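Student: Chain by chain, the residues:
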Amino acid sequence: MKTFEADVVVIGSGPSGLAAAAQAAEDGAKVVVFEKANVSGGAANMGMGPLGIGTKQQMDMMVDIDLETAFKQFMEYTHWRSDARMVKKYFENSAGTIKWLEESCGVEFAGAYKYFPKSNASWHIVAVNGGIGRNGGAIMNKAIRDYAAENGAEFLMETPAKKILKDEEGKVCGVIGVDSTGEEVQCNCKAVVIATGGCGDNPQMIKERTGYTFQGDMFNFAIPGLKGDGIHMAEEAGAGSTPMNVEMMYILPNSDAGPDCIPAVFMQPNLMVNKLGKRFINEEEMQNTTFCGNAISFQKDAIGFSIIDSKIAKYYMKKGVDVTNFVHHPDDVSDLLEAIENSIANGNPDVVKADTIEELAELCDIDPEQLEETIDEYNDMCDSSDTLFYKPSKYMKPIEKAPFYAAKFRPGAYGTLGGIKINEDCQVLTADWEPIPGLYAAGTDTCTIYGDSYMFLLPGNTMGYCLNTGRFAGSGAAEYADEN
Amino acid sequence: MGEKVTLTIDGRVITADSEQTILQAALDHGIYIPHLCSHDNLHPTGSCRMCVVRQEGVEGLVTSCITKCEDGMVIDTHDETAENVRKLSCDFMFKTHPAECTGCPKYGKCQLASISQYVGDTGRKLKANPINVKADTENPIILHEMYRCILCGRCVRACEELRGVGAIKFDKVDGRLRVVVNGDSLIHANCRFCTACVEVCPTGSIREHKEIMDRIEGRTREDGYVPCRFGCPAHIDVPRYIRFIKQGNYAQANATVREKVPFPHSLGYICVHDCESECKHAYLNEPVSIRNLKRFAAEHDDGEWKKRAFHKPATGKKIAVIGGGPAGLTAAYYGAKLGHSVTVFEAREKLGGQLRYGIPSYRLPRETLDREIADILEGNDITVKTGSEVANAPSLLKEGFDAVFVSVGTHDGVRLPIPGNDLDGVQVNTDFLRRFETGEASVGKHVVILGGGNVAVDCAGAAFRLGAETVDMACLEAYDAMTATDEERAWAEEEGVVLHNSRTFPEIQGENGHVSGVVIQKVGNFRKENGRMVFDKLEGTEEVLPADTVIFAVGQRPTIPMDPEAFGLELTHGNYIASKGDHGETSVEGVWAVGDAVTGTRSVISAIAFAREAISAIDVYLGGDGCIEEHLADEQVRDPHIGVIENFGELKRTAPRVVPVPERVRDWQTCGPMDLGFDDTLASCEAARCLQCDLRCDLKPQKFWNDYTEGGV
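So the protein lines, in turn, are chains A and B. Sequential numbering from 30 applies to the first sequence in the numbering used here. Sequential numbering from 3 applies to the second sequence in the numbering used here.
These are calculated hints, taken from the structure and not from any lab test. There could be a bad hint or two in this list.
Below, in silico cross-link-like pairs of lysine to aspartate or glutamate (EDC-like), each with a Cα-Cα straight-line distance of 16 Å or less [as the list claims (entries may be wrong)]:
1) B/Lys248 x B/Asp682
2) B/Lys129 x A/Glu105
3) B/Lys111 x A/Glu187
4) B/Lys97 x A/Asp289
5) B/Lys136 x A/Glu187
6) B/Lys129 x A/Asp208
7) B/Lys129 x A/Asp246
8) A/Lys200 x A/Glu264
9) B/Lys705 x A/Asp208
10) A/Lys117 x A/Glu132
11) B/Lys705 x B/Asp30
12) B/Lys111 x A/Asp208
13) A/Lys307 x A/Glu401
14) A/Lys307 x A/Asp196
15) A/Lys147 x A/Glu132
16) B/Lys97 x A/Glu387
17) A/Lys191 x A/Glu264
18) A/Lys304 x A/Glu402
19) B/Lys705 x A/Asp364
20) B/Lys108 x A/Asp285
Please read these numbers as outputs of a predicted model, since none were measured by experiment.
Bound-form chain A, shown alone (with noise of 0.2 Å):
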């Protein structure tokens, strides 16, 4: 068995334990970190970029955002169903670690930004040479990892953490791992910090913790590896549990791999309707992925249809897409009709062709004779307005010239929120809401404060979250390494 000491020990290395890590070797800690993959950076390597409010991007881009507006947004959203302590340190803290990313890690920003029309800019997005670009996750990952490194923080690859050791007084003294040969590895230390990204990866888990089947009504993202570890750890070592949740959004589940095009088209303002035919929502929502995919999870079958005809399939080749946002923006869609053949022929389930509407409704499964009827309502009210959920007469084209599309759309996720009891500070609880002596958690393992939505109008705010917390656990850990 190989020994390591340490002041620290942090468990994964996405942005949390990134975080965790650089915060705690920066403090003067001795840092091991243990990670699963062959790379760092977690989940987040796909995502963009970090919340931040009131930071010097949004003075300087003219955002009008203010940490008490952002505050009570937040707070109304969840229905104060949220440890309103913690939001409050969050936001409070997330101009300075944009701040510490930038001057301390040497991560660039493009600016802040908005996800759809509708949310704040509160999305930092972190610039991939100079400007917008995928990978900014990845590099900003990277380079807290580098910072880290330089403050003396160990990284051990492929070392997934295995158990947390206590000592006789009850308190966190090591961490048990293994190694890729199979040879045990024991890190003896002070405080640990928990960041291992939820149970994404776990069906079992996911069923028992949220309620969702996964690839029944619930097709997140199971990013490998992603098996509540830490939770189990944590629990393991008297740490008391929080409800679980997923992070809600919507998805056509085998179209990741495919062209752009296809979401982005009909993630656009479209006819949606669910398998009784019938319309569930003002489609102008579908911007925001949240509500969308909570409207789809509330349907028979936790399906929903986006629907076009030929004329509108042409309106998007020729003028590209009415709404973009950061994920989906291409500058044209003029494949859109050859990558719907593709995908058709190459077996992807998710798009359908048909020459009537009876036998797109056939082929999706959908109440056709109750189709028939909601398109010549739509049809209707595209002449004069949307009666039912007043969608904005831009977004209303009528459903009319062969042949049709649809797109099948079901409830995804980033992966799973929450399980791991903590409190502002990181700490983590035991289900009398002691704390554990150091044993501190942060990220996704912890991630109660949305309710039960994941809060859109704030984008940027998981990652936000996770560097947040993992800040807090990390200055926390190495104190609390230093006094003990």
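Fit chain B to the given chain A structure using the hints.
Tutor: Just chain B now, with coordinates in the frame of chain A:
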């Protein structure tokens, strides 16, 4: 080897071999240069442009994976142009590779993602030009999602050059270069399923199916890649001995098995072969017939391994072994080889435990068993006391033994508490099989066996051989869920056993004190809850099986001599010995207990594996190093170049030769073992089916930039 040269990379002066490339030299010294098409086991092609560097005095950039080190070279890996070229190359890869990582099972272990993170690519601005190809999930082992392919060609080089198979190749499809299967399926392309392509693929393009990945989740690389060896409780190096057999080196194959177990030949007859349950060939058709290959190898034992066996000098320490079954004899064997003086106390007349008194001789010839026991005892300081029961295990410590090893097994058959269980004609599995061995057993004309495991099958076979006209077998489990192995169940059926699956047996009926029949009843919803069998009885399905003999074969309990309390060890429910550690430690210091008496009835191979661990722990307790590893077989060179075998994936499992039914039952006392195993031809056919999964371990694991950072370990 070339000459020693000195060069400077990023300001560091390093020495390298002139045969090394700049990339190799840099990596050897912990200096990371991104590289993607390059792989340690494959010849470099210099095609991905990731490893370009600036060489002082040379115009343009140098491709470091194909440029040999020269004395005095000055290299800058962080040159701005080089970094821009890498970014651009990365961008080009993302033209075809999906820009979103969501849904990719390789996430977190993807070399492309890692390199993209390292170089900080330009944001995938180039217009996407996805490879329009369907996922190919037809093959049950390897799946292709070639829309993730970045054309690094590592898989093609691994298959063509390293393996000499060429099941995949580059080809132009619709005017675009692609990696394709060299035929209409991997099977027809004569794929050898060595999974080298999976190992070297940097992205999620070529992978193994989720079922396989899930199965190896959490295992080490070696354990995950070589499942048969992992599945064997004693971790016998299965691919290694199969390769020896293929080479015609049968004695070396046997020596390989010998490295882990002292009963290779007996196991060749009767092992429950957990290795075969793990064998990946099962995904193609059926697992490799590993047990029969082991037996074949054992039949060619030349005894040469004895010269290499370790024998440590006498320690003066004494070990008592209670119970001379497979666990006890394994402990005695290694204990004596470690230099300790061993005394085996065996309650029965002869050594062998379940191998002798539980497994009928028509399945395991006694000359084989006797010879293996003789090999164990030969030249070793082992005293055997048969007919010798030990009433209290810890008392032996007071009698001068330094450690006690308890392996009393489970020789008490379970008689279920149902009406009629004590009628004349009702027997119990263990007694019945023991008396079958000693020639004292008898049955009537109509026998009903209660139970569906391997022991039940042995009872059924023995009953036929004793002259039963009909044998019925009733068990709770459904046909496919029976605990008897498929092979043994098939033998029983061949011999005429009538199976009554998913049945409970509420009552044994009798007339004048003698068995007349068994009431059986269908069950539904059979499941285990908290370790207990739970089921619903289906009303109106009762029927009576007429019988004059009933044999319970529903489990076995430990034989704790005389008074369990007086045995001196803490017991658990059901008289099993309570285990206090991972290696058989008991409630009393100096006393270890292993085998079925601790774990419940398992298998011979599990008992042997457990005994090896315990004897190792005992040796440490007695002041030794606990090492019982030995190298009895020659070193084996694994040739990575496995070449083409036509229709390899369709080769069918070789059936052993078996004595046909009338003879093997009628003449069982004279015809020898019913299972005749393999001859040279059959063994060589079967050995050729091995996928050689272990070859994958010889490929260097992919490394990532964060494996080279100074903060890294």
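Student: Verify the proposed pairing of B/Lys129 with A/Glu105, using a straight-line Cα cut of 16 Å.
Tutor: Measuring from Cα to Cα gives roughly 42 Å; hence the hint is violated.
Student: Keeping to a limit of 16 Å between CA atoms, is the pair of B/Lys111 and A/Glu187 held or broken?
Tutor: Distance of about 9 Å is within 16 Å: holds.
Student: Does the structure keep B/Lys108 and A/Asp285 at a Cα separation of 16 Å or less?
Tutor: 14 Å, holds
Student: Between A/Lys191 and A/Glu264, is the straight-line Cα distance small enough, at 16 Å or below?
Tutor: 12 Å, holds
Student: Within a Cα-Cα threshold of 16 Å, do A/Lys307 and A/Glu401 meet the stated pairing?
Tutor: Judged against 16 Å, a Cα distance of about 10 Å means the pair holds.
Student: Hey, B/Lys705 versus B/Asp30, does the alpha-carbon distance stay inside 16 Å?
Tutor: 12 Å, holds
Student: Does A/Glu402 sit within 16 Å of A/Lys304, going by the straight-line distance between their CA atoms?
Tutor: Distance ~14 Å between A/Lys304 and A/Glu402 Cα, so the pair holds.
Student: Holds or violated: B/Lys705 and A/Asp364, Cα atoms, limit 16 Å.
Tutor: Roughly 38 Å separates the two Cα atoms, so the pair is violated.
Student: For the pair supplied as a hint, A/Lys117 and A/Glu132, is the alpha-carbon distance within the 16 Å limit?
Tutor: With Cα atoms ~23 Å apart, A/Lys117 and A/Glu132 exceed 16 Å; violated.
Student: Sort out whether A/Asp208 lies within 16 Å of B/Lys705, counting only the CA atoms.
Tutor: 14 Å, holds
Student: Starting from A/Lys200, check that the Cα of A/Glu264 is at most 16 Å away, please.
Tutor: Holds: A/Lys200 and A/Glu264 sit about 15 Å apart, inside 16 Å.
Student: For the pair supplied as a hint, B/Lys97 and A/Glu387, confirm whether the alpha-carbon distance does not exceed 16 Å.
Tutor: 38 Å, violated
The structure shown violates the earlier hints numbered 2, 5, 6, 7, 10, 14, 15, 16 and 19.
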